[in-house]
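Undergrad: One letter stands for each residue in the lines below.
Number of protein chains: 2
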Amino acid sequence: MQSSVFGIGKELVSAQIKDNNAYYIASKLNEIGVENKFIVFLDDDLDDIAQTLNYFMNKTPLIITTGGLGPTFDDLTLQAVALATGEELILNQKCLSEIEFFYEKLYNEGKIADKNLNVNRQKMAYVPKNAILLKNSVGAACGVYLRKNDCHIFCLPGVPNEMQTMFEDKVEPTLKSIIEPIFTQSQTIECSINDESLLAFISSETTQKTHVYAKTLPTSFSSHTMYVRFTAKAPTKEEAKYKLAEAITFFKDRLSRF
Amino acid sequence: MQSSVFGIGKELVSAQIKDNNAYYIASKLNEIGVENKFIVFLDDDLDDIAQTLNYFMNKTPLIITTGGLGPTFDDLTLQAVALATGEELILNQKCLSEIEFFYEKLYNEGKIADKNLNVNRQKMAYVPKNAILLKNSVGAACGVYLRKNDCHIFCLPGVPNEMQTMFEDKVEPTLKSIIEPIFTQSQTIECSINDESLLAFISSETTQKTHVYAKTLPTSFSSHTMYVRFTAKAPTKEEAKYKLAEAITFFKDRLSRF
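If you read the sequences in order, they're chains A and B.
Per full-length UniProt numbering, the very first residue in the first sequence carries number 1; after that it's consecutive.
Per full-length UniProt numbering, the very first residue in the second sequence carries number 1; after that it's consecutive.
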């Protein structure tokens, strides 16, 4: 299965903060056998988010978003998902209860001054009609899992520890039940040629013949060596490791004849 | 002017490396008065790159790509740009001379073993027909500036020091001549409420009334304070600073009454 990861928020595209969420998710997906194809950061603009979700729903059968689930006016992810999927956005009573319980607990612990379910708190309970809620064990906003035609969409919070907990507790088990995993194994080797344009002959041949992706990692020409990263994919980790070893042997053999 | 920044390469979407190029460009764009709206990382897939470029060409009048200009089989950016813009991909003699000169120089310095213009080196000289070359003063591959209808497309190398040098020497001066700058000024303040759902009333009102974007930065409820970032935009830095100060005053006034 292939995926797209979205990070939603003006702070990401304007370089006010450096994202780590998408990188975390892409690396987790890789571990469980999902091949990530796109990472997209967007501003808090309803139409842009909805249209871009729609575009990538036609590219990959799995989309994971982070950010835009909170109580402020610029948190628009679930509205955008509703627009992109043609789902109605409805007040989800279960979600509302979760939110109510969350603020009541904080109030009772003396952490906030007001426990009333104001409109901003209520806003977080509006979710696409057929969405499955993903409980947030750290923060207020529930996550959402929605299946639309052949596309699986997960919407997670942007606060890193809320997102990571939800990914591990909710997303990972669900994904493991729906995917046919493709495992990736990588290894980087140093080789005695420093020229990418020469190595390209061998890396291209290796990729074609072994179906293991050989990627040269260009640095400067002041070194006399260069690194090449091999990435193998297979339905099991063992097969991927085996293919990887075979490809490196093939590559080294070609290199020695060069 | 609004922009999209592309990072092209499997290593970016598979979390094998953490990108810094897009972050660098978005922050530079911000400095010179361009509002970045999208950051997109893509795999080395010709159709995906071409189609996605096409999609974002209809979203923003400026696109800057990094990566995919090198000599290896998986460097596909210029082919994709040609597809996306309907331009012919042609062997550019000036580009070929630059590449020839680059390798000859390296050879004469004893840094590489072969100075011949092999097919992989020649490959880098195939550029869209109406493209303007951007000289690479650090590496082999030329950058490209192409104007298609109302969209300005810059393609830069992925190696960070090549990209940064080309951005500063070539892209920045060109951009300054074509944009009507919108300058951004930001300031973050700490305030005495720790609850985003309460602050949302004030941040929303501030944004609406002052047109300065007030973004709450949620942390945990264990602190009794919270940060809010204000971002003002204007045709000059001075105006942006003035708007920023006004908005913060407005926000603090509302906060004191809460």
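Rather than coming from a laboratory, the hints here were simulated on the basis of the structure.
Predicted model, so just to flag it, every value in this text is computed and none were measured.
Some hints here could point you the wrong way.
Identical copies look the same in the list; a pair holds intra-copy or inter-copy alike.
[Claimed, not checked] Using 27 Å as the maximum straight-line C-alpha spacing, the simulated DSS-like pairs for lysine-lysine come out as follows:
id, residue 1, residue 2
1, 129, 241
2, 129, 233
3, 18, 129
4, 10, 176
5, 233, 111
6, 237, 10
7, 243, 18
8, 18, 233
9, 241, 10
10, 59, 148
11, 94, 252
Undergrad: Next step is simple, just say for each hint if it's right about the structure.
TA: Hint-by-hint comparison with the structure:
no., hint, in the structure
1, 129 - 241, "neither (43 Å within a copy, 44 Å between copies)"
2, 129 - 233, "neither (37 Å within a copy, 37 Å between copies)"
3, 18 - 129, "neither (33 Å within a copy, 36 Å between copies)"
4, 10 - 176, "between (32 Å within a copy, 23 Å between copies)"
5, 233 - 111, "neither (48 Å within a copy, 35 Å between copies)"
6, 237 - 10, "between (38 Å within a copy, 20 Å between copies)"
7, 243 - 18, "between (35 Å within a copy, 26 Å between copies)"
8, 18 - 233, "between (30 Å within a copy, 21 Å between copies)"
9, 241 - 10, "between (40 Å within a copy, 19 Å between copies)"
10, 59 - 148, "both (14 Å within a copy, 25 Å between copies)"
11, 94 - 252, "neither (59 Å within a copy, 36 Å between copies)"
This entry does not satisfy hints 1, 2, 3, 5, 11, going by the numbered hints stated previously.
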